[in-house]
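A.B. asks: If you read the sequences in order, they're chains G and A. Heads up: the first sequence runs through residues 2 to 131, numbered per my numbering. Heads up: the second sequence runs through residues 50 to 164, numbered per my numbering.
Hints were generated in silico from the structure; no laboratory data involved. Mixed in with the good hints there might be a few duds.
Think about it this way: if two alpha-carbon atoms lie no more than 25 Å apart in a straight line, the pair counts; the simulated DSS-like pairs of lysine-lysine are [unchecked claim]:
| no. | chain 1 | residue 1 | chain 2 | residue 2 |
| --- | --- | --- | --- | --- |
| 1 | G | K100 | G | K112 |
| 2 | G | K100 | A | K63 |
| 3 | A | K134 | A | K63 |
| 4 | A | K107 | G | K64 |
| 5 | G | K13 | A | K134 |
Treat the numbers as computed from the prediction; the structure is a model and nothing was measured.
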Amino acid sequence: MAEMAIKKRRPKNLDLPTIRLPLPGILSILHRVSGAAMFLLLPFLLWLFQNNLASPETFAGVKAVVGHPLAKIVLLGLIWFYMHHFCAGIRYLLLDLHKGIELEAARLSSKIVFAVSIALTLIIGARVLW
Amino acid sequence: MVNRILVGAHYGLKDWIIQRATAIVMAVYTLIFLVVVGAVAPDSFETWRGIFANGFMKFATFLFFVSVFYHAWIGVRDIWMDYVKPDGLRLLMMIATATVLIGYAGWAMQILWRM
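Looking at chain G on its own, in the form it has when it is part of the complex (with noise of 0.2 Å):
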């Protein structure tokens, strides 16, 4: 009975379409779906980190691999992902601090968030894949 009460209470809007989520909850998101798919590529990952220190035919496979334009963009892609789940991280720690709980200081930092990551992820991929 209690359990019904509280249900009904909840107002629930699934209407997905019509959902335009605030930057915060896009960053929220970008959070889960950068993990999820940092997880799906740890194999990958895990299989440059082998080559690249195994021996010196695996390192230039390595440096092979690395250097096709597809495994370029996707290890772009990678380093976006970081990045996100990084500044996204610290934020989330923040928050757990009390740290700008107020909804200006909130929509602020995701703003910052995104700026800090994007920069971070050019800057890097500038200097490692370019």
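We have chain G already, so just place chain A on it with the hints.
C.D. replies: Chain A only, in chain G's frame:
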């Protein structure tokens, strides 16, 4: 009949703390890694190997990997709990996730200590 809406105290608190502790380990390692790679500027097999042959980097990299795999376990498990409703399928996804992550941990250790 017990019909509680909220289950007992500290439910999930341990995982909540571990998720944050592993995040901090990974964040610190990320900074160390960027500084070391920036300073060494590895461009050959020998220079890359030199970075991870160093005792401190080996130790720190191992801690980073353990943090990644535990952090990934909690995060991916949360995704299954949110979206996979049939109990059997959810259990299967969790077991598969834990299995590959434990395997990755062994693989990562082998990469670090066999080189």
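A.B. asks: Take the hints in turn and mark each one as holding or not.
C.D. replies: Hints and how they fare:
The straight-line distance between the Cα atoms of K100 of chain G and K112 of chain G is roughly 16 Å, inside the 25 Å bound, and the hint therefore holds. With a CA separation close to 22 Å, the supplied pair K100 of chain G and K63 of chain A stays within the 25 Å bound. Restraint check: the Cα-Cα separation between K134 of chain A and K63 of chain A comes to about 24 Å, which is no more than 25 Å; the hinted pair holds. Our distance criterion of 25 Å between C-alpha atoms is met by K107 of chain A and K64 of chain G, whose separation comes to about 22 Å.
Annotation: proposed proximity of K13 of chain G to K134 of chain A holds, straight-line Cα distance about 19 Å (limit 25 Å).
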